[in-house]
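In the order they appear, the protein sequences are chains L and U. Be aware that the first sequence starts at 1395, since it is given in my numbering, and climbs by one per residue. Be aware that the second sequence starts at 574, since it is given in my numbering, and climbs by one per residue.
None of these hints come from the bench; they were simulated from the model. Keep in mind that this is a model prediction, so the values were computed, not measured. C-beta: ideal position from N, C-alpha, C; glycine also. Please note: incorrect hints may appear among the correct ones.
Pairwise CB distance ranges, derived in the manner of DEER restraints [claimed, not checked]: (1) U:738 to L:1799: 32 to 40 Å; (2) L:1712 to U:709: 34 to 42 Å; (3) U:715 to L:1602: 17 to 25 Å; (4) L:1489 to U:652: 53 to 61 Å; (5) L:1767 to U:652: 20 to 28 Å; (6) L:1679 to U:715: 19 to 27 Å; (7) L:1754 to U:715: 49 to 57 Å; (8) L:1466 to U:736: 48 to 56 Å; (9) L:1506 to U:738: 54 to 62 Å; (10) U:661 to L:1568: 23 to 31 Å.
Derived SDA-like pairs (lysine to any residue); straight-line CA-CA distance at most 20 Å [unchecked claim]: (11) L:1656 to U:659; (12) L:1656 to L:1617; (13) L:1656 to L:1679; (14) L:1656 to L:1669; (15) L:1656 to L:1626; (16) L:1656 to U:718; (17) L:1656 to U:738; (18) L:1656 to U:641; (19) L:1656 to U:717; (20) L:1656 to U:722; (21) L:1656 to U:719; (22) U:659 to U:738.
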Amino acid sequence: MKALMTAWLGVMMLCFTTLAQAQLTIEITRGNDRATPIAVVPFATDGEELPEDVAQVISDDLERSGHFAPLSRDDMFDRPSRSEDVSYGEWSALDVRYLVVGEVSRDGDGYRIRYELMDVSGSQRMLGETVTAGSGELRGGAHFISDQVFEEITGIRGAFSTRIAYVTAQGVGDDQQFGLYVADADGHGSQRVLESGQPILSPAWSPDGQKLAYVSFESGRPAIYVQELASGQRVRMTSFEGLNSAPAWSPDGRRLAMSLSKDGRPEIYVMDIADRSVQRLTNSSSIDTEPDWAPDGESLLFTSDRSGGPQIYRYDLASGEQERLTFTGNYNARGRFAPDGDAIFLIHRSSNGYQVARQDLDSGRLVTLSETRWDESPSVAPNGTMVIFATRQGDNGVLSAVSADGRASYRLPSAQGDVREPAWSPFLN
Amino acid sequence: MPFKSHARLLALTFSLALIAGCSSTGGTQDGTTDGSRSGTDSSDAGTGQVSSSGVGTTGDRASQQADGRIPEVRTIYFDFDSDTIKSQYEPVLTAHARYLRSNGDARVVLQGHTDERGTREYNMALGERRAGSVSRFLEVQGVSPSQVEVVSYGEERPAVQGHDEEAYAENRRVVFDY
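For reference, chain L alone in the conformation it holds in the complex (with noise of 0.2 Å):
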């Protein structure tokens, strides 16, 4: 009630307050049926009732990549901490490829995790160490060993010890409240960035993942703000008249490409963030929107209807050239680039509703990747593994995230209200 009063008042500004509401939880939607099996057994402690489950971190976020199916802890036989207490004909027996053990023990106001990971079928220890954490980063150890595993194995590199940021709705009408919120990748620990009783959508991280850009209703108009998430200080960086939208970094953080409608109709521009200068780079006379850097800065996607109902376009920065991407359908939009540049992931129009699909860039082929049907937002974790995005489940909106593949997937729900607008945060380490 004292939260809705203050928001009445205006936009509330909480610089990384934790709150339990907009908390989000894990669905396993869809299990990869070609994932590895592992076995993340219980680490031993020395009697103390830990606040996590380190073990059970670890292997809720194998699991939530696809990549892995972990063994039930019903199922082990045996609950060894050590590398050389490992049985491997018995957990070969039970088809387990890999092994993770350890140990958390107290270290002064923090924590001490020592971890192994053993190769089952090869009976060999592949990684060890011990990892410090203080007294609330018990789960921020546990994803760091997740992202150490997961590499090992793959040889992609973890993002589990990532964030999103998300926006949440409830209400209706002139009641409705807007949240920013940042959470870690598996949705704990979710702090609120900012509040408004006018619309928030469109966060974007700086590429160094101290930033946050997006676009705020809170003047009555639409401008672009970029917010430090340490600090809670942040500048509006646009006000022009008619449309500020969709904000963009550019790989090296100096720039900001966004959709303006300053002098007609929405195009695509490029801010200087140093000097604020504007320069205008697409001329349609249709709607062009969305924009997204190439990995490589030299190029970004956008939506335009020019062609009569939307579809994603390439504008070459070097050369100015612009040359449609899409296809397949008529509507194709909101391209977000693959780390590697070689695919884009889009929202993609067909008799099944809006989906997320990949469509790989060498060949033109596009694939859908999501079983559902209202999908908005796709934003593509840094190594490219997964893929999160906006979608409902009942009546309301829920977060998603489904595999690169679309081999596996899960859902983020939220206790209550709208949650939308997902934005995965580059490496944070």
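Based on these hints, arrange chain U on the given structure of chain L.
Relative to the frame of chain L, chain U by itself:
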């Protein structure tokens, strides 16, 4: 659908205020509005009456609207993926044009809205296109561009909740916000 009834109540309250001769602006009115109420049964109040230039409005139905009062119907609706003004709403726009011409210091924000289908940022642009087509209609009718501002909310401010065609139809709209 609690909001719907809430909006109707607001609309009713607002209409009663008009009948009482109060000319204060009531802010955004997103709900379904009873367009049949003419509001000509009370004398002019509030803003002074400025003589109309009469361009294109002589003797037409818009003249039923007293020039000193903001026309009551302030929301018009659009077809899916369309910014075409339906002929049934032309009298509404003509009445607003007449009001704005007659009241040179009146300002209106045209709020463009879409339904929830499709991507948010693209819908933001579609909402602007809808409000822009209303703005051009007003300018053709002689309204000064300085009196009109376009703000698109895309799909962010639905008039009604719901995920069916009935809800979508009520959300695809332009609202005159004086």
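Evaluated hints:
For residue 738 of chain U and residue 1799 of chain L, the hinted distance range of 32 to 40 Å is satisfied, since their beta carbons lie about 35 Å from each other. Against the hinted window of 34 to 42 Å, the Cβ-Cβ separation of residue 1712 of chain L and residue 709 of chain U comes to about 37 Å, which satisfies the hint. Separated by about 53 Å at the C-beta atoms, residue 715 of chain U and residue 1602 of chain L break the suggested range of 17 to 25 Å. A beta carbon spacing of about 57 Å between residue 1489 of chain L and residue 652 of chain U agrees with the range 53 to 61 Å that was offered as a hint.
Take residue 1767 of chain L and residue 652 of chain U: their Cβ atoms lie about 22 Å apart, and the range 20 to 28 Å holds. One distance hint, 19 to 27 Å for the beta-carbon pair residue 1679 of chain L and residue 715 of chain U, holds here, with the actual separation near 25 Å. At about 54 Å, the beta-carbon gap between residue 1754 of chain L and residue 715 of chain U stays in the expected band of 49 to 57 Å. For the pair residue 1466 of chain L and residue 736 of chain U, the supplied restraint of 48 to 56 Å is violated, since their beta-carbon distance comes to about 37 Å.
At roughly 60 Å, the beta-carbon separation of residue 1506 of chain L and residue 738 of chain U lies within the given 54 to 62 Å, and the hint holds. Restraint check, residue 661 of chain U to residue 1568 of chain L: a C-beta distance of roughly 27 Å satisfies the suggested window 23 to 31 Å. A C-alpha spacing of about 27 Å is found between residue 1656 of chain L and residue 659 of chain U, which places the hinted pair above 20 Å, so the restraint is violated. In summary, the hint linking residue 1656 of chain L to residue 1617 of chain L is supported, as the alpha carbons are separated by about 12 Å, within the 20 Å threshold.
Only pairs whose Cα atoms come within 20 Å are accepted, and residue 1656 of chain L paired with residue 1679 of chain L is accepted, the gap being roughly 13 Å. With a CA separation close to 19 Å, the supplied pair residue 1656 of chain L and residue 1669 of chain L stays within the 20 Å bound. Between the alpha carbons of residue 1656 of chain L and residue 1626 of chain L the distance comes to roughly 29 Å, so the proposed pair goes past 20 Å and is violated. Only pairs whose Cα atoms come within 20 Å are accepted, and residue 1656 of chain L paired with residue 718 of chain U is accepted, the gap being roughly 14 Å.
Note on residue 1656 of chain L and residue 738 of chain U: the hinted pairing is violated, with a Cα-Cα distance of about 33 Å set against a maximum of 20 Å. For a cut-off of 20 Å, the pair hint linking residue 1656 of chain L to residue 641 of chain U is broken: about 32 Å separates their Cα positions. Annotation: proposed proximity of residue 1656 of chain L to residue 717 of chain U holds, straight-line Cα distance about 18 Å (limit 20 Å). Between residue 1656 of chain L and residue 722 of chain U, the direct Cα distance comes to roughly 12 Å. Compliance with the 20 Å bound is thereby established for this hinted pair.
For the suggested pair residue 1656 of chain L and residue 719 of chain U, the alpha carbons sit about 15 Å apart, so the restraint of at most 20 Å is met. The straight-line distance between the Cα atoms of residue 659 of chain U and residue 738 of chain U is roughly 18 Å, inside the 20 Å bound, and the hint therefore holds.
The structure does not agree with the numbered hints 3, 8, 11, 15, 17, 18 stated previously, though it agrees with the rest.
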